[in-house]
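> Listed below, chain by chain, are the residues.
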Amino acid sequence: MGLYHCEGIILRTRVFGEADRIVTLLTKEKGKIEAVARGARRPRNRLVGVTQQFSYLRGLIFTGKNLDQLSQAELIKSFAPLRDDLLKMAYATWWAELLDVFLPLAEVNTEIFLFTLAGLVVLEQTPDPMLVSRAFELRLLRYLGYDPVLDHCVRCQEGAHGSLAGFAPVEGGMLCRICATSAGEKLIPLRPSALAELRALYAADLRAVARRPVDPTLGNELGRLLFAFIQWRAEKPLKSLAFLQSLLVWQEPSGS
Amino acid sequence: MMNYYPKPMSRLIKELAKLPGIGPKTAQRLAFYLFELPRDEVVGLATAMVEAKDSLKFCAICGHLTDESPCRVCQDTTRDHHLLCVVEEPKDVIALEKTREFRGMYHVLHGALSPLEGIGPEELNIKQLLNRLQTEEINEVILACDPDLEGEATALYLARIIKPLQIKVTRLARGLPIGGDLEYIDEVTLGKAIEGRQEL
Ligand SMILES: [Zn+2]
Ligand SMILES: [Zn+2]
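Protein chains in written order, with our numbering: chain A, 1 to 256; chain B, 1001 to 1200.
Hints may contain errors.
Said to hold, decoys possible - Simulated crosslink set (SDA-like; lysine to any residue; CA at most 20 Å straight-line):
(1) A/Lys77 / B/Gly1191
(2) B/Lys1091 / A/Leu87
(3) B/Lys1192 / A/Leu75
(4) B/Lys1018 / A/Gly17
(5) B/Lys1057 / B/Glu1123
(6) A/Lys236 / B/Gly1120
(7) A/Lys239 / B/Arg1174
(8) B/Lys1091 / B/Gly1021
(9) B/Lys1192 / A/Arg44
(10) B/Lys1192 / A/Tyr56
(11) A/Lys239 / B/Glu1117
(12) A/Lys30 / A/Ile76
(13) B/Lys1091 / A/Pro43
(14) A/Lys77 / B/Ala1193
(15) A/Lys77 / B/Tyr1184
(16) A/Lys239 / B/Gly1151
(17) B/Lys1018 / A/Phe16
(18) B/Lys1057 / B/Gly1120
(19) A/Lys236 / B/Thr1099
(20) A/Lys77 / A/Ala19
(21) B/Lys1168 / B/Tyr1184
(22) B/Lys1192 / A/Asn45
(23) B/Lys1025 / B/Tyr1005
(24) B/Lys1163 / A/Ala204
(25) B/Lys1163 / A/Asp20
(26) A/Lys239 / B/Glu1122
(27) B/Lys1018 / A/Asn45
(28) B/Lys1192 / A/His5
(29) A/Lys28 / A/Ser71
(30) B/Lys1057 / B/Gln1028
(31) A/Lys65 / A/Met130
(32) B/Lys1192 / B/Arg1174
(33) A/Lys236 / B/Gly1191
(34) B/Lys1127 / B/Tyr1184
No lab work stands behind these hints: they were computed from the structure.
From just these sequences and the hints, can you work out the full model?
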């Protein structure tokens, strides 16, 4: 049995037993961990409020034989605005699911931890997070080592202007017209301007992206590509994406 | 372990252990207890279970658990039919009825929106709710969802679709537990309680 302090963001919570919760935390010190918060579903328990989804906390963890235990926790930042706005909640949940699906347990990655923290801070303040989310998705793919090839054909390296036919999720990048014909795969078309945007988002500061007015056509075009690629990489359906998309579709008529 | 028991006994233990909150040890104890009961009482228990299962249904109007539809609450003319309280589960109706504070009507959603589980509006009893709001004369909708992420999502979603109908939407106050000690209340609850403070 050991004991350690950590700083972490709650990616998800599950009910456990009669009154407990299992929390999945993205921590700075230990990477992604799971720990049980005893009594965290009892109204007067000290852990109730702290173990809300997206909370950023400082915790004390007991390592157990089977399950680690979050024995004390103190809130650093509650990220309450992410739970008080349906669209932001949907985006934050989508990010949390991405991190949960792609990160292995107990593998330290300070870069991803800090990037996620910064991302949530930006998300909290952004009225329309669509482009911010595209930038987050893209950068996360890069941190995970899954970055899609955008500069040239993923098969033959051809990169001349206008030679690229579209994006092939299964190939993990763009295909040129010649390779596309021989591959016979379903391509996601992408306007050259959208491709340029996508490349620019790789390097962009999330705060700068948040200040730009959102072009929904562009956001959706990039989304089609990234969602298909991420979905294929995840090898299983991502439920929060379906929720986010149902919300975006529903929003349009009342958006004006 | 099951091999030590005669077949009917191990089957009973196995069935009992499927119940929520009942582990193998408790299941064994219950099985022995049932075996020692007079036959009448065992039959009474079994009949009660089957009858409850067969006669209970969801009210066609509000979705509450009932043996007659519309349910007793929906039929009660002494209640305020202009006030509608939306809850996640039938057991929430029971909890609110026990307070004796609420004399309006109910609507049971049978779940909550769950972004992480992909449970969207179509999976809940929301269409029927909108139907009621358009056909009945409702002045106020009280959203009594659980104070967790799913409950928040559900309340936010409902508020957005109900407000355009020009109906007042309120939600339960989020505050301090009665009898609690302020210094032991967590920061989030305390923050919400400050937000929802009331003039005296
Ligand atoms: Zn090529
Ligand atoms: Zn009813």
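> What hints, given by number in increasing order, does this structure fail?
Structure breaks hints 2, 7, 18, 19, 20, 21, 24, 25, 27, 28, 30, 31, 33 and 34.
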